[in-house]
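Chemist: This is what each chain is made of:
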Amino acid sequence: MFRKIWRNRIEFYPAIAIFIWYTVGVLLNSTVVKSRPGIGTLGWITLPTVAVFFVAVYKTYRGLPSEGGKS
Amino acid sequence: METMISAKNTVSAASDEDRRLTYAVYVLLLLVIIFSTYLHHFQPQVFSVPDNKNIEAWQRPSFEQTTIHDRMTAEEKERTRLVGIPMAGDMSYLITNELIMLLLSWWCFRHARKHYGFWMASCFFIGSFVFTGLEESAWILSGRYLGGTMSLAPGGTIYGTYWFTKGFGWFVETPVSACLGWFIYAYSCVWIAGRVFPKLSLLTRATVGGLTAMLIDMWQDPVLTSPELMNWVWGKADWLLIFGIPLYNFVGWFLLIFLFAIFWEKLPQIVRKYGQHQATIIFLLVCTVGSVIVAAAIFLICFGIAGTLASLAGVQQTLHIPPGW
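Line by line, the protein sequences are chains A and B. Sequential numbering of the first sequence, starting at 3, is according to our numbering. Sequential numbering of the second sequence, starting at 212, is according to our numbering.
Chain B on its own, in the form it takes in the complex (with noise of 0.2 Å):
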């Protein structure tokens, strides 16, 4: 049978052979998960995965080398000492929160397949879960194991990225519920964009999505790294730090929405010009590859344009808008 590709952007996938390599690649990534998962939990020296209860032990950045830390009053860091991260070995906490997420997951994707598809809302889905997922993986990663070793003006040497301390399911190194939240995120945003702003060209509406996502994650951000939640830890690196989180953070909540969403759209193209299968190795291969050139094109832009332009204008450590946070 032919691919049927509507003048709505639905693309129905009509080949047996192409629905097979679909549920193909959500077993494979299940397995990713089932495996990464038994590593994170069972085996946490093979990642160097920070113990969430004995905060003394990090490395990489240590303690010291965290922006948590400058925020933090002595009591706090004394009780973070003491008890760990809050909530971090809480399972059924965790447990919820994840099923949540696969709730609120299910509805977005239900919503994708009635109006564009299975194999259009499976590659949203997919897509976007290994895109966020690798792409974070590769940051927590390279910061975990390259950390200490660069030094970047005006922040200073590098002392890490990033990590998260919670999660029950995971995928490499980022919580099954962040990849399920990009996905939620991603999509709604997405909608909520189209509903508006119908007439828009695709790049604007990409750009309102990427917006609409960034602007809840300029709140969103600075609750749940709070002393409080601890959800994700940064570690010293950056030469700005808005309402206490990396620019480069917020650079790349925008442009992960943006690109994702324009490529998405331009899916029923690619299907047409090299068909459903050839379409879906393509999706997959931008996805997996495309992910971690977008992590170091970022590294580029926040660390290395703008760090040098900020270095030459004067700069000379970190700035903090606004001050005290």
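Next comes chain A alone, as it looks inside the complex (with noise of 0.2 Å):
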């Protein structure tokens, strides 16, 4: 499944892209945040954002070519 994944890594390039700016980008830095009770709980307005991602990374995985006539 990696190797699967390793060489066809360009086509997880945006989802990486969103995933990396999403964790690092807003996830942490709402954790330094203090001075608004709340602002983590505020994170599951994403929760749609967050479902249609893995959706979309699920369907680029099965859409990628199999290896050896394994998928």
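Hints are supplied without guarantee of correctness; some may be wrong.
Listed below are the simulated DSS-like cross-link pairs for lysine-lysine, each with C-alpha atoms no more than 30 Å apart in a straight line [what the hints assert, rightly or not]: (1) Lys-477(B) / Lys-36(A); (2) Lys-6(A) / Lys-61(A); (3) Lys-264(B) / Lys-288(B); (4) Lys-6(A) / Lys-325(B); (5) Lys-61(A) / Lys-264(B).
Everything labelled a hint here was simulated from the structure, so no lab data went into it.
Hints in hand, dock the two standalone chains.
Modeler: Here is the structure:
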């Protein structure tokens, strides 16, 4: 599985880019905000985005060409 | 050689002249960035760049006329007056941030080039970079120079719009990292919408892409504008603040990605009709002039129309949703 992903890594570049943005740029930064209680809870608002992100990654993986007859 | 347009919306830059034109635009973009960066860091008086260290020197808006001022405790206000914007002078932090954004942008560009060809990938990159850079700079500079001169009910006096406090490289008055971020955001969200809903119409996919980005932004903006980070600062002006962020920010995020996604996917049709050379010029014209028109339209929708309707409905002052934010 990992070899298959690595060989087709370009297909996942947009997913990796938005994932790093989300985790480092928003999620990690939210932990330093102490002045506003509830800022972490506000993160639940992004749940639909997180859901469609994982569907997109899954569909991309499923759409990869199979290796040696195995998908 | 003829321009090639495949069924998959790929446009391959077959002509040397078109490729040269694309490279010329990249060089021009780089020159604008170098010049803007020089002006921002070494000639800040040209664009009246607010001082990150001396908060008391802020004008239009002053510190008291920003939304962050109302959010801060007395202790936070005192600390901000003493030390200025957190981490704004830390060049290693700013350069690292920009390098990471460059790497993420490169990944998105590689993906776009593989699937849509060099020309389409370049159009997405240059277009989104210029579109957002000019639109944001139009907002920032109009607020900076017109702040305090206009009053609209129910928000009252428009003390200014907003401005970015941190950045190593600059495109006019927008940090390069913000322009790159917008490219990453727009491309990834359009990619997500395309992967998850491939059979839906372009209009629906653009809507999903815009909403996907806007939802992340609804969390990102309250985090990045908090007193601990202050990556950008809002002037008081608006009649509706959602999580402490003006309504027009979210309208802007949605509209920019929605409109850009539609325009970009229509590019192959423009190439078929006018040829690649003219399509490049049309694309750049729409991205430059269009960004300013969209900025003005958002102002009209959020302040003029929505503000007037809210005022007629009896709203007397700025609404905070939820209260206390």
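Chemist: For every hint, state whether the structure bears it out.
Modeler: Verification of the supplied hints:
1. Lys-477(B) / Lys-36(A): Status violated; Cα separation ~45 Å.
2. Lys-6(A) / Lys-61(A): 14 Å, holds
3. Lys-264(B) / Lys-288(B): 13 Å, holds
4. Lys-6(A) / Lys-325(B): Answer holds: Lys-6(A) to Lys-325(B) is near 18 Å, not above 30 Å.
5. Lys-61(A) / Lys-264(B): 48 Å, violated
Violated hints for the displayed structure, listed by number in ascending order: 1, 5.
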